[in-house]
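Student: Residue numbers (full-length UniProt numbering), protein chains in the order written: chain G, 1 to 391; chain H, 1 to 326.
Hint data in this document are derived by calculation from the structure and do not stem from the laboratory.
Keep in mind that a hint or two might mislead.
What the hints assert, rightly or not - Simulated coverage check for chain G against chain H, where a stretch passes if three residues somewhere in it have a Cβ under 8 Å from a Cβ of chain H: (1) 136-145; (2) 271-285; (3) 328-338.
What the hints assert, rightly or not - Lysine-lysine pairs mimicking DSS-like chemistry, simulated, CA-CA at most 25 Å apart: (4) K111/G x K68/H; (5) K116/G x K128/G; (6) K111/G x K141/G; (7) K116/G x K141/G; (8) K213/H x K141/G; (9) K372/G x K322/G; (10) K133/G x K151/H; (11) K111/G x K151/H; (12) K141/G x K176/G; (13) K68/H x K151/H; (14) K111/G x K128/G; (15) K128/G x K141/G; (16) K128/G x K151/H; (17) K116/G x K133/G; (18) K133/G x K111/G.
All of these numbers come straight from a predicted model, not from anything done at the bench.
The beta-carbon is built from N, C-alpha and C at its ideal position, and this holds for glycine as well.
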Amino acid sequence: MTTPPNVPIEPHAVDPHVFDDPAAAAASGQILDSAEEVHVGLTLDAVRPPSHEEILRVENLTVEFPTEDGVVHAVRGVSYGLREREVLGIVGESGSGKSVSSLAVMGLLPKSARIKGRILFRGDDMLKMSPRKQRGLRGRKIAMIFQDPMTALNPVHTIGDQLAEAVLAHELMPRKTALARAREMLDLVGIPQAEARLRSYPHEFSGGMRQRAMIAMAVINNPDIIIADEPTTALDVTVQAQILEKLLEVKDAVNAAIVLITHDLGVIAGMAHRVLVMYAGRPVELGDTDPVFEEPRMPYTAGLLGSIPSLEGGGSRLRPIKGTPPSLINLPTGCPFSPRCPLATDICRTEEPQLAETDSGGHFAACHHWDKLAAAEDPTVFFRTESETVA
Amino acid sequence: MTLSAQAPESNTGAAQGMTIVARTQAQMVRRRFFRHRAALAGMIIFGLVLLLSFSSIGFLGVSGWWDKSYLATGALVNQGKPTLSVVPEFLGGSGIRLGEHPFGQDDIGVDYFAKTMRGAQQSIIVAFLVAVVATSVGTLVGAVAGYYRGKTESVLMRFTDVMITIPVLVIAAVVGRRFGDSGVLLLGTFIGLVIWPSMARLLRGEFLSLREKEFVEAARAVGTSASRIIFRHILPNTVGVIIVAATLSVANAVLLESALSFLGLGVQAPDTSLGQLINEYRTAMVTRPWLFWWPGIFIIAIALSINFIGDGLRDAFDPRQTRVRA
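So that you can see chain H by itself, here it is in the shape it has in the complex (with noise of 0.2 Å):
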C-alpha cells in the first residue's frame, strides 16, 4: 500500500467524524482547566480584580480613568458614606450609579474607591512577587535535593526543617521594624524568603520519583550532565506541580501580607494594602462599615478565585484524571 493510496481513505473518515484528532500534553491540559466551572469563575473573578485595580487609578505615574487619588483628602460628604448604589429606581432604590465617592470616605476625606484599588494593587503584586521567590527557592533547592540525594540531600532538606520552624511573625516583627517602609518589594521578597520550604519538599519528592525514571538513566547513558538533566530532562515533567503549587502559594500570599500589615508588620503608611486598611478601621465596623467590608470583600474575592484557579489547574495537570465534567 503507497501514501498516495491511503490518503483519499482517511479524507472519507473524517467525513464521517470517524478521524481522532491526537491532542497535545497543552490542549488536553487547557480543556480540562476549561471544563472546571470553579476555576473558571475563578480566573473571571481575578481578571476582574487585576483589571479593576489597575486600570482605575493607574499604576507607576500611569494614570487610571478614577480622577481621585488614594492619597488625598477632602470634604467629607454625607460622613463618608458609600454614594455606589445597585438598585433601581423602580424598585425602590436611587437608581444605579457610582457617585462621587462610590466607597465612601474614610475619617479623613480620603476616597475610599482610590484606596482600596491601592491597597489590592499592593496585595496582588507581593502575592506575585511571592510566587516568583517562593517557586524559584523552593524549585531549586529541592530539584538539587532529591537529584543528588545523600548529603547534599541531607543538608538542603534539613536547613529547610529549620526554616520551616521558624515562626513566619517573629522574623516579619523584626523584619517589619527595620525595613518597614521600604515598600512592598522588600515584603514581597521576604515573604517569599519564608515560605519556600514547603516548595522545595514537594519538588524534592517529585524529583525522587523522577530520578529513577528509566529515561533519566536514558540520559545519563547518552553522557548527559547532571545539571542539564536536571533542568532539561526532570524539571519540565513537574511544571505541572509547580505551576500549582505557585498559583496556591500566590492564595497564601495575599492572606499572609494581609495579615502582616493587620498587624502592622507589613506595608505601612502613607501607602496602604488590603491588610492594613482592615487593621485600620477595624473599630470602625459597627459605625462606618464600609471602612471595614470593602478591603475584606476584596481580600475574600482574590485569595478565592486564585485558590480555584488554583484546584482547576491542579485537576487539569492529573493524567489520571479520566472523569469528564459535566
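Here chain G stands alone, though its shape is the one from the complex (with noise of 0.2 Å):
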C-alpha cells in the first residue's frame, strides 16, 4: 500500500536525533499523527459532524453477575451520553467492564447478570421495557458488530439468507425484498459481485469481507446505534484500516451513532468524537479525544498512552503499567488504580474520586490528583522505567 498525498509525512520521522531521545518519542501528539496514518481515505472530520440530540443515555449502570467465589462487580456505576451520529469510544484492559456494559444495553447479558441503573433509549427506559419490545428494538434501532466475524456468521446458512434474516426478524415481507436488501448493504460494504456473493457461505468468505458483512447485517435495517465491539481484534493489520474505513462510510450513510469498544488507542484517536476510559468498572476519564489524548488527567490513561509503542523509539523497552488489574470481586478500597499508581497517596487508599470536571470543559476525570498531571509537561513522565529516568 502506498501512502496517500493528504496524510503529511513527519518532518521528525527522519530527523537522527529523535532516536537518541525517547521522551520526544512518547509525545502523545504522535499517536495522534500515526492514527491518522492508519486512516488512509476517510476521516472522522469528513462524515458528518453529530447532533446535539442525544439519543442514548445511560445513567449510573450496575452490572453484578453472582458466582460461587462471590459477586463480580463488572460494571460499577457507568453512565455517558450518546448524541446523534457520534462516534464514542470506551477503551480499558480486558475485564473492565467496557464489552459488559454495551452487551447491557443490547440486552444481551445472562439472566444471571444483576443490572441496575437505567438505559434510555431516545427517553425510554430500555430496562423497564417488555422482552418483546426490547427485542424490536435489538438489531432496527441498536445493531452490534461481533468481535470475530469467523464465529459470529452462522456456517450453515448463505450471507444473502443470514442478511434477509436480519430484515424478516422486523418486517413481515417476500423474501425477494428483504434478498434485494441484502444486496444493497453488500454493495454498501463494497462486496465485490454482491449477486453472486448472496449466494456464498461464510467460509468462502475471507476474514475481511465477512466482517464487512457483519457490518451489512448491522445497518440493514437503518439503525440509530451501532455497538461495535472490538470489530477489528481479530483481522488482519492491513484489513483492519479498511474495516474502519468502511465502517465511518457506512455509518455516514445510514447516520448512525458508533459505540466503539477497543483496546486500541490508535483506533480511538482516528475514529472517536469523544472518548471513555474504563477502569474496574467504572469510567475514569471522559471527554474528547484529543484533550484527553493530549492532556489526560488520569494517571491510568496516560500510563495507557505511555505504553504505546513508538516507531521512532529505537531499541527502547515498552513501558507497561506496573502491576494487574484488581479483582472485580475483592476490589481494594479507594481508587481502584491506586495499587498501581506512580502518584498515590492516603487519600487514594482510602477514598474512591468521583467522575469530576477537570480544567477544561466536557473533560472529566475521577482522580485526587489531576491537577499533578496537568502541570507535568508530558503526562507519561510518570510511568517511565528507571532505566530511562537515569539516563
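Relying on the hints, combine the two individually framed chains into one complex.
Tutor: Right, here's the structure in full:
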C-alpha cells in the first residue's frame, strides 16, 4: 500500500536525533499522527458531525454477576450520553467492563446478571421494557458488530439468507425484497459481485469480507446506534484500516451513532469524537478525544498512552503499567488504580474519587491528583522505567 | 489489476490442474460417505432388501412380480423344503433356479418367500416410523430444553429421565395386549414414543454447546425471536447428529420390533413380521431350519446394513475427520 498524498510526512520521522531521545517519542501528539496514518481514506472530519440530540443515555449502570466465588462487580456505575451521529470510543483493559456495559445496552447479558441503573433510548428506559419490545429495538434501532466475524456468522446459511433474516426478524415482507435489500447492503460495504456473493457461505469469505458482511447485517435495518465490540481485533492489520474506514462510511450512509469498544488507542484516536476510559468497571476519564489524549487527567490514561510502543523509539523497552488490574470480586478500598499508580497518596487508598470535571470543559476524570498531571509537561513521564529516568 | 486481466490467468491455472475447486459441505459429506466401504456396502444391501421386499409381493394393493400370497395356503410340496438352488449343475448341484417355493413352505403350505417378504416390509415400516417419531419428539424436547435451560430444562429432562426408567417390555406388554391388532402403524408410533429420550439427551447436549456460540448471540443481537433461533439458526447445525442418531435408531427399532413380536406383543397373526416368524418357528429349527433362518437372515441383514450406514454417516459428518480412507 502506498502512502496517500493527503498524509503529511512527519518531519521528525527522518530526523536522526529522535532516536537518541525516547522522551520525544512518547509525545502523545505522535499517537494522533500515527493514527491518522492508519486512516488512509475517510477520516472523522469528513463524515457528518454529530448533532446535539442525545439518543442514548446510560445512567449509573451497574452490572453484577453472582458466582460461586462471590459477586463479580463487572460494571460499577457507568454513565454516558451518546449524541446522534457521534462516535464514542470506550477503552480499557480486558475485564474493565467495557463489553459488559454495552451488552447490557443490547439486552444480551445472561439472565443471572443483576443490572441496575437506567438505559434510556430516546427517553425510554430499556431495562423496564417488555422483552418483546426490547427485541423490537435490537437489530432495528440498536445493532451490534461482534469481535470475531469467523464465529459470528452461522456456518450453515448463505450470507444472503443471514442478511435477509435480519430484515425479516422485524418486518414482514417477501423474501425477495429482503434479499434485494441484502444485495444493496453488500454493495454498500464494498463486497464485489454482491449478487453472486449472496449465495456464498461464510466459509467462502475471507476474514475482512466476513466483517464487512457483519457490518452490512448491522446496518441493514437503518439503526440509530451501532455498537462495535472490538470490530478489528480478530482481523489482519492490513484489513483493519479498511474495515474501520468502511464502518465510518456506512455510519454516514445510515446516519447512525457508533459506540466503539476497543483497546487499541490508535483506533480511538482516528475514529472517535469522544472517548470513555474504563478501569475496574468504572469510567475514569471522559472527554473529547484530542484533549483526553493530549492532556490526560487520570494517571491510568497517561499510563496507557505511555505504554504505546513508538516507531521512532529505537530499541527502547516497552513501558507497561506495573501490576495487574484488581479482582472484580475483591476490589481494594479507595481508588482501584491506586496500587499501580505512581501518584497515589493516602487519600487514594481510602477514598474512591468520583468522575468530576477538570480544567477544560467537557473533560471529566476520576482522580484526586489530576492537577499533578496537568502540571507536568509530558503526562506520561510518571510511567517511565527507572533506566530511562537515569538516562 | 482489473477483473478482465485476472480471468485468463485463472484459465491457465486450470489447465495446469492447479485450481482448487471449493466443495460445499454437502459435497464433502457425500464424498466421505462414499469412501466408507462398509457404509457403501450397507447401503447397497439395504437397498436390495428394500427393493426385494416391496417389489416382490407388492404393497398397498399394488401387486408385485411374485404370484403367491403370504396368506393363501396350499398343498405341501416335498415337506415344504426350499426349492431355491444356487449351486450350478456342473458342480454337482441342481442348477441355479428359484423353483416353486424358493424359501420353502410353512406347516400349512403358505409360501414362505412371500411371508418373509411381508415380514421384512412390516419391520422396515415400523423401523422408519420409529425413526420419524423418536427423532421429532426427541429433537423438539432436546432443543427446547437445551436452548431455554433453567426450569424448562429441569422439567423436560426429569421427564425424559422418567421415560428412560420405564422398562420398554412392560409397557409393550400392556399396550400390545390392548392395541395389538391395530397393526404396524400403532406399533411403530408406540416404539417411537418409548425410545425418544436418548435422542432428546443427545440434542440437548448439542444445543447447550451451540447456544453459547457467537452466531447465536449475533442472531439475538439482530432481534431474532427464540423460536426462529432454535429452528432456523441452531437446528440446521445439528443435522449431522440428527441424521446419524436417526439412522442408528432405525437399526434399534428393527431389533426392538423383532423382540416384541417374538414375545407375541408386536404384530399379530394373520399379519406377520420377521420377529413373529422367528417366534412361531423357533421350535422348528432342527426339523425345518429354513423356517427359522430366512427371517433371521433378513433381520441381521437389515439391522447390520443400517448400522453400517449410520456409522458411515457419522464419519462423513465429522468435520475433524481428515484421515483419507484408502
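Student: To test your reading of the hints: which numbers does this structure violate?
Tutor: 2, 3, 4, 13
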